[in-house]
Amino acid sequence: MNFDGGYTMTIAGKAVEAAETIAVINPATEEVIAQAPSANRYQLDDAVAAATAAFPAWAALTFAARRHYLHAMADRIEACKEDLMRLLTREQGKPRAGADWEMTGSIIWCRETAKLDLPVEVVEDSDVRRIEIRHTPIGVVGAITPWNYPVLLALWKILPALLAGNTMVLKPSPYTPLTTLKLGEILRDVLPAGVLNIVSGDNELGKWISVHPGIGKVTFTGSTETGKRVMESASGTLKRVTLELGGNDAAIVLPDVDPKAVAKELFWAAFQNSAQLCVAAKRLYIHAEIYDAVARELVDYARTVRTGDGSQQGIDLGPVQNRMQFEKVKDLLADARAQGAKFLLGGDVPDGTGYFIPVTIIDNPPEDSRVVVEEAFGPVLPLLKFDDIDEVIGRANNTVFGLGGSVWSRDTEMARKVAERLETGTVWINEIHIFSPHATFAGHKQSGIGIEHSHHGLLEFTNAQTIVMKKVTEAA
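Each residue of the sequence shown is one higher than the one before, starting from 1 at the first, in our numbering.
None of these hints come from the bench; they were simulated from the model. Since the model is a prediction, treat every value here as computed from it, not as a measurement. Do not rely on the hints blindly, as some may be mistaken.
Claimed, not checked - The list that follows gives simulated cross-link-like pairs (lysine-lysine, PhoX-like), each with its CA atoms no further than 25 Å apart:
(1) K445 - K328
(2) K342 - K330
(3) K264 - K342
(4) K417 - K207
(5) K385 - K260
(6) K228 - K264
(7) K328 - K260
(8) K81 - K14
(9) K445 - K228
(10) K228 - K260
(11) K328 - K228
(12) K207 - K14
(13) K207 - K228
(14) K81 - K264
(15) K328 - K342
(16) K328 - K207
(17) K385 - K417
(18) K385 - K342
Take the sequences, apply the hints, and build the full model.
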């Protein structure tokens, strides 16, 4: 299989080209590396029709049979892992270690999601009647995925949807369609035709998916503003929606931590994948007693991290993925400088090729500054000083977002008490970015609607059906 060209969509188990294409750019070199097909509305209709036709037979399979398909998907992805990793680095920019983390996680996710179940719940089984609740598939699910983790986040949607008995039409980001298109290609002879259809295109295609009458649910990962538009578009047909949206996650460092010991973990909490991660630590609150020491250790560690072209050896962080985001981060830095922010590291974006933003750490900016209030989604981290626990919890919660957060302390009981007061869907204590197919992932406030992962996330791809059966006695 050619992983360096020949990019086609997958509709009804077959390769499909398009009359128009989208240029895909390597963010490290700004070179066009491929042309991806741009689906028209008729091709989306074909994909929905294929998913609709495949649905009855797929839904009729036993759970055990669908589990078998998920394991087969894992085997095929594992066999193509190296090729997918190289392509992922070229189109997304992440270095090999990041690509390996994403692809290894994808394989694990396939196999672990297959362990989930949807048992029938019996709420009454008396002499008079039996009442049971079962969960039936919705039908055709439309999925819209982002550019930061194009393979893993696609599978976060594909796997539970298919396991629950649905079929799918998936649209990857126009910035990173290539690995997802290849995913569809390598799975064509693994899954029955029409069960998984992958179409690529621009943002207009996403809107068509949201309004399409043949799609019963939309699952979307991306920005809060785009999520609002998806929800609005889906409302016309009362589609079910799962929206995993933006975050402005706070990390709270209590005064009993060892600054040197925690610096590396705090760095990667903030800057993993060049901070292009919805649950990156985007506001780092440090107790005043250790603020200077943590800031110093964090800057010292950051100086050891290399940013560059992810295809080169020894590179730890790649570029920002696309020019739109690159310009947004540059604008945020320019605003911080105009407001008189003190940069402990970085802040100056060099001229040259590639969307490279240097690791930037800002010293205690005002709480209402843009660099604190807005989600940068790039390698910019404000350090914020606090003295009082109640005060810092209030500051951490003073946001429209509520996706994730973390608390760092040797006193785990104290850390847990702080964690329980944070208004977020996930809180990590003394670690971060530990995900599991068996643990719920959901946002509070404007960070999303619905749940991903675990039994609860699987239920999001089903309709509940209650069956009430009066028992027939011999006398009757």
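Each hint tested on the structure:
About 24 Å separates the Cα atoms of K445 and K328, which keeps this hinted pair within 25 Å; it holds. For the proposed pair K342 and K330, the alpha carbon gap of about 16 Å is at most 25 Å, so the pair holds. Straight-line distance between C-alpha atoms of K264 and K342 comes to about 22 Å, which keeps the hinted pair within the 25 Å bound. A C-alpha spacing of about 42 Å is found between K417 and K207, which places the hinted pair above 25 Å, so the restraint is violated.
The suggested pairing of K385 with K260 holds, with an alpha-carbon distance near 18 Å, which does not exceed 25 Å. Note on K228 and K264: the hinted pairing is violated, with a Cα-Cα distance of about 36 Å set against a maximum of 25 Å. About 32 Å separates the Cα atoms of K328 and K260, which puts this hinted pair outside 25 Å; it is violated. For the suggested pair K81 and K14, the alpha carbons sit about 22 Å apart, so the restraint of at most 25 Å is met.
Annotation: proposed proximity of K445 to K228 holds, straight-line Cα distance about 12 Å (limit 25 Å). Of the supplied pair hints, the one linking K228 and K260 is violated, its CA atoms being roughly 42 Å apart against a limit of 25 Å. The hinted pair formed by K328 and K228 meets the criterion: a straight-line CA distance of about 20 Å does not exceed 25 Å. A threshold of 25 Å between alpha carbons decides the hint, and for K207 with K14 the separation of about 24 Å falls inside it, so the pair holds.
The suggested pairing of K207 with K228 holds, with an alpha-carbon distance near 12 Å, which does not exceed 25 Å. A distance of roughly 28 Å separates the Cα atoms of K81 and K264; the hinted pair therefore is violated under the 25 Å criterion. Annotation: proposed proximity of K328 to K342 holds, straight-line Cα distance about 20 Å (limit 25 Å). Between K328 and K207 the alpha-carbon distance is near 23 Å, which keeps this suggested pair within the 25 Å criterion.
Distance hint between K385 and K417 is fulfilled; the C-alpha atoms sit about 20 Å from each other, no more than 25 Å. Taken as a hint, the K385 and K342 pair is honoured in the structure, with Cα atoms around 14 Å apart against an allowance of 25 Å.
In this structure, the hints that do not hold are numbers 4, 6, 7, 10, 14, in rising order.
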